[in-house]
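Turn these sequences into a full structure, and let the hints steer you where they fit.
2 protein chains.
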Amino acid sequence: MQDFTFQNATKIIFGKEKELLVGQESAIFGKKLLLHYGGGSIKKSGLYERIVSSLQEQNIEIFELSGVKPNPRVSLVREGVSLCKQEEIDFILAVGGGSVIDSAKAIAAGVYYDGDVWDFFTGDAQVTNSIPLGVVLTIPAAGSESSEGTVITNEEGAYKRAVGHPSMRPRFAILNPVLTCTLPAYQTACGITDMTAHILERYFTNEKHVDVTDRLCEGTLRAIINNAHTVLEQPENYDARAEILWAGTVAHNDWLSTGRIGDWGSHDIEHEISGIYDIAHGAGLAIVFPAWMKYVYKHDINRFVQFANRVWDVEIDLNDLEKTALAGIRKMEEFFSSIGMPITLSEVEIGDEHIDEMAKKATERWPIGNFVKLHEEDVRQILQLAK
Amino acid sequence: MQDFTFQNATKIIFGKEKELLVGQESAIFGKKLLLHYGGGSIKKSGLYERIVSSLQEQNIEIFELSGVKPNPRVSLVREGVSLCKQEEIDFILAVGGGSVIDSAKAIAAGVYYDGDVWDFFTGDAQVTNSIPLGVVLTIPAAGSESSEGTVITNEEGAYKRAVGHPSMRPRFAILNPVLTCTLPAYQTACGITDMTAHILERYFTNEKHVDVTDRLCEGTLRAIINNAHTVLEQPENYDARAEILWAGTVAHNDWLSTGRIGDWGSHDIEHEISGIYDIAHGAGLAIVFPAWMKYVYKHDINRFVQFANRVWDVEIDLNDLEKTALAGIRKMEEFFSSIGMPITLSEVEIGDEHIDEMAKKATERWPIGNFVKLHEEDVRQILQLAK
Numbered sequence: 001m002q003d004f005t006f007q008n009a010t011k012i013i014f015g016k017e018k019e020l021l022v023g024q025e026s027a028i029f030g031k032k033l034l035l036h037y038g039g040g041s042i043k044k045s046g047l048y049e050r051i052v053s054s055l056q057e058q059n060i061e062i063f064e065l066s067g068v069k070p071n072p073r074v075s076l077v078r079e080g081v082s083l084c085k086q087e088e089i090d091f092i093l094a095v096g097g098g099s100v101i102d103s104a105k106a107i108a109a110g111v112y113y114d115g116d117v118w119d120f121f122t123g124d125a126q127v128t129n130s131i132p133l134g135v136v137l138t139i140p141a142a143g144s145e146s147s148e149g150t151v152i153t154n155e156e157g158a159y160k161r162a163v164g165h166p167s168m169r170p171r172f173a174i175l176n177p178v179l180t181c182t183l184p185a186y187q188t189a190c191g192i193t194d195m196t197a198h199i200l201e202r203y204f205t206n207e208k209h210v211d212v213t214d215r216l217c218e219g220t221l222r223a224i225i226n227n228a229h230t231v232l233e234q235p236e237n238y239d240a241r242a243e244i245l246w247a248g249t250v251a252h253n254d255w256l257s258t259g260r261i262g263d264w265g266s267h268d269i270e271h272e273i274s275g276i277y278d279i280a281h282g283a284g285l286a287i288v289f290p291a292w293m294k295y296v297y298k299h300d301i302n303r304f305v306q307f308a309n310r311v312w313d314v315e316i317d318l319n320d321l322e323k324t325a326l327a328g329i330r331k332m333e334e335f336f337s338s339i340g341m342p343i344t345l346s347e348v349e350i351g352d353e354h355i356d357e358m359a360k361k362a363t364e365r366w367p368i369g370n371f372v373k374l375h376e377e378d379v380r381q382i383l384q385l386a387k
Numbered sequence: 388m389q390d391f392t393f394q395n396a397t398k399i400i401f402g403k404e405k406e407l408l409v410g411q412e413s414a415i416f417g418k419k420l421l422l423h424y425g426g427g428s429i430k431k432s433g434l435y436e437r438i439v440s441s442l443q444e445q446n447i448e449i450f451e452l453s454g455v456k457p458n459p460r461v462s463l464v465r466e467g468v469s470l471c472k473q474e475e476i477d478f479i480l481a482v483g484g485g486s487v488i489d490s491a492k493a494i495a496a497g498v499y500y501d502g503d504v505w506d507f508f509t510g511d512a513q514v515t516n517s518i519p520l521g522v523v524l525t526i527p528a529a530g531s532e533s534s535e536g537t538v539i540t541n542e543e544g545a546y547k548r549a550v551g552h553p554s555m556r557p558r559f560a561i562l563n564p565v566l567t568c569t570l571p572a573y574q575t576a577c578g579i580t581d582m583t584a585h586i587l588e589r590y591f592t593n594e595k596h597v598d599v600t601d602r603l604c605e606g607t608l609r610a611i612i613n614n615a616h617t618v619l620e621q622p623e624n625y626d627a628r629a630e631i632l633w634a635g636t637v638a639h640n641d642w643l644s645t646g647r648i649g650d651w652g653s654h655d656i657e658h659e660i661s662g663i664y665d666i667a668h669g670a671g672l673a674i675v676f677p678a679w680m681k682y683v684y685k686h687d688i689n690r691f692v693q694f695a696n697r698v699w700d701v702e703i704d705l706n707d708l709e710k711t712a713l714a715g716i717r718k719m720e721e722f723f724s725s726i727g728m729p730i731t732l733s734e735v736e737i738g739d740e741h742i743d744e745m746a747k748k749a750t751e752r753w754p755i756g757n758f759v760k761l762h763e764e765d766v767r768q769i770l771q772l773a774k
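Chains as they are written, first to last, in my numbering: chain A, 1 to 387; chain B, 388 to 774.
Please note: incorrect hints may appear among the correct ones.
[What the hints assert, rightly or not] Calculated lysine to any residue pairs in the SDA-like style (CA-CA distance at most 20 Å, straight line):
#1 A:Lys208 x A:Ile301
#2 B:Lys595 x A:Asp239
#3 A:Lys11 x B:Gln394
#4 B:Lys595 x A:Tyr238
#5 B:Lys398 x A:Pro166
#6 A:Lys208 x B:Val565
#7 B:Lys595 x A:Pro166
#8 A:Lys11 x A:Lys208
It should be emphasised that the hints constitute simulated quantities derived from the structure, not laboratory data.
Shown next, in the form of structure tokens:
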């Protein structure tokens with residue numbers, strides 16, 4: 001096990017109607033609040049009104065910035081930073097999924113920086129502090145509600161980059177499973193894939209003796225797999241929605257990564273795809289992960305055998321470990337397919353016109369991945385395998 | 388899944404030599420520190436000296452209170468409260484295992500109360516605040532290093548009672564597996580039993596649809612079982628010690644109990660045993676838990692079948708679920724035995740002279756347990772089963 005420091009102080013408030021507590025939770029941190037969200041869906045559902053009224057009860061002054069898109073853009077972040085500086089806003093409330101939260105985090109960090117907020121994402125500046133933020137979560141997927149990371153897209157050049165800092169970790173996250181019951185099937189499946197991928201990134205490590213966290217990862221994966229078809233077939237099943245919602249947070253709140261270094265190469269590759277093609281992050285991950293696995297599994301057959309056996313109930317063939325490992329990868333592909341995800345680039349009509357460019361951009365700063373270090377040629381081959 | 392609020396902000400600092408950071412971590416919270424510990428073992432090992440020197444480097448003024456015994460006494464807690472009030476101590480550092488930490492927590496809470504600290508444990512007063520505390524852990528067992536609870540024994544009347552409050556949760560906990568390598572086998576096994584019991588208390592719930600946390604519980608149990616014999620046979624095996632150390636924290640830091648109500652009846656019964664007989668808490672739990680299981684398993688056969696199957700690899704006999712359930716209980720008994728724990732009262736030379744008294748005291752405030760509500764007669768029968 002690696003030495004580690006772990007602290008995650010996000011207060012999770014989980015259950016029915018808990019969004020009604022947002023006013024009193026926000027009032028702890030500020031009196032001038034930026035309400036950050038996507039489009040009209042929270043207005044149509046009535047969530048917007050419930051939140052505004054809860055905030056107003058606490059006499060919180062509300063400034064609004066909506067229009068966050070999937071793969072959130074640095075242009076809107078810049079707008080948010082200006083607004084926060086100008087109005088001396090002291091708290092940001094993100095209402096939505098990972099894109100809204102990530103956008104809010106970048107704004108929160110940008111307030112404490114005089115230069116362009118994109119500098120954090122190129123490595124030209126370091127995050128030092130952020131104004132506090134809170135979350136009302138509507139999409140279980142990204143795990144951003146209690147993580148310290150953010151991923152932002154720069155539309156000039158189609159760059160998508162990640163940054164993390166403890167100060168960006170939300171102070172509270174309100175998780176009401178009912179809010180997720182109206183999510184369309186495709187978005188639900190993308191979320192399931194995203195949280196699955198967050199665990200897989202942590203699972204594939206070169207660290208030996210990580211038995212506790214291996215089993216936490218495997219258990220959470222099994223719970224996701226076990227509830228995935230239920231939420232797709234019965235969108236209003238509260239119990240299954242609750243499991244998926246909580247699994248999405250557990251997958252990415254760092255409990256499962258204590259003492260181990262995850263890979264994250266597949267995420268980096270996917271960021272290139274969704275940076276250019278603007279496909280859903282979850283869909284991109286369903287395409288990249290199986291290809292990545294097929295490319296790297298020989299690096300540590302035993303880990304892939306354990307994955308096949310403990311997560312997918314593949315019997316271990318001691319005379320043919322490779323067969324066992326490949327059966328686990330196939331099971332995972334089948335699972336992604338069964339929930340309606342694409343597992344090849346061709347399914348989302350992506351050809352090879354940008355493969356070279358994506359391989360180059362993914363590795364232009366440094367080789368990616370930790371389980372196996374990937375250089376430009378490796379990424380090209382993985383993308384070829386994903387065709 | 389039950390609605391829940393979860394927040395655990397304890398900073399975990401895990402790895403070799405991390406106790407050398409204790410000065411800088413403590414300095415964040417105070418300048419006048421109560422160093423609270425048990426006996427001479429931390430002096431013999433050199434740990435005491437390393438800690439004092441780290442604190443002195445930060446110019447922290449140190450007051451000492453040693454002499455904490457297993458099943459920590461309220462008399463020493465009272466002494467600590469007086470000392471803290473008199474010297475205006477602003478931080479408590481607990482160096483030791485669960486007993487030392489629990490004693491420190493009770494002192495920390497007592498400082499903010501004018502009456503007798505035992506009032507918290509009778510229910511005559513409520514904890515409202517505590518001075519901050521930190522931990523250097525030497526025994527993986529109680530999980531007190533990042534929990535909000537404390538258990539204290541009142542030697543007048545041999546009462547052992549639990550209290551919890553968020554303010555008692557340690558601000559940091561330093562976990563160095565090397566410090567646990569010198570633990571004698573019996574104490575190691577008691578710790579393993581204690582952490583196992585913490586998970587079992589959470590596992591046996593009436594809440595349906597707790598798939599994520601069921602699997603987190605099962606995974607952590609499997610990791611404990613998988614590493615238990617290794618630490619006993621190879622006391623200096625760092626990797627296995629690290630797994631057990633981290634499992635002990637995970638078992639009791641509330642990750643595994645989100646969305647579910649645990650039982651805790653076995654803990655209440657055990658407190659009566661160790662309150663009177665002063666046996667190790669872990670040993671008491673190894674005796675009580677199998678008896679409790681045999682008494683209650685019919686309340687929810689399916690849950691015991693799942694336990695047998697997922698934790699102990701017992702094949703499910705669909706035509707005889709009771710057989711499967713009982714096989715799981717037997718496997719658990721065999722495990723406790725195999726690590727050197729007693730599984731009957733007679734093995735620790737406890738007769739039935741106090742059984743009636745223990746049954747009465749355990750239930751005198753209210754019936755105990757949540758999975759199955761236990762009244763005086765139930766506890767008497769469980770203790771009879773444990774003979």
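Cross-check of the supplied hints:
{"no.": "1", "hint": "A:Lys208 x A:Ile301", "in the structure": "holds, 13 Å"}
{"no.": "2", "hint": "B:Lys595 x A:Asp239", "in the structure": "holds, 9 Å"}
{"no.": "3", "hint": "A:Lys11 x B:Gln394", "in the structure": "holds, 5 Å"}
{"no.": "4", "hint": "B:Lys595 x A:Tyr238", "in the structure": "holds, 12 Å"}
{"no.": "5", "hint": "B:Lys398 x A:Pro166", "in the structure": "holds, 12 Å"}
{"no.": "6", "hint": "A:Lys208 x B:Val565", "in the structure": "holds, 17 Å"}
{"no.": "7", "hint": "B:Lys595 x A:Pro166", "in the structure": "violated, 35 Å"}
{"no.": "8", "hint": "A:Lys11 x A:Lys208", "in the structure": "violated, 32 Å"}
Hints 7 and 8 from the earlier list are contradicted by this structure; the remaining hints agree with it.
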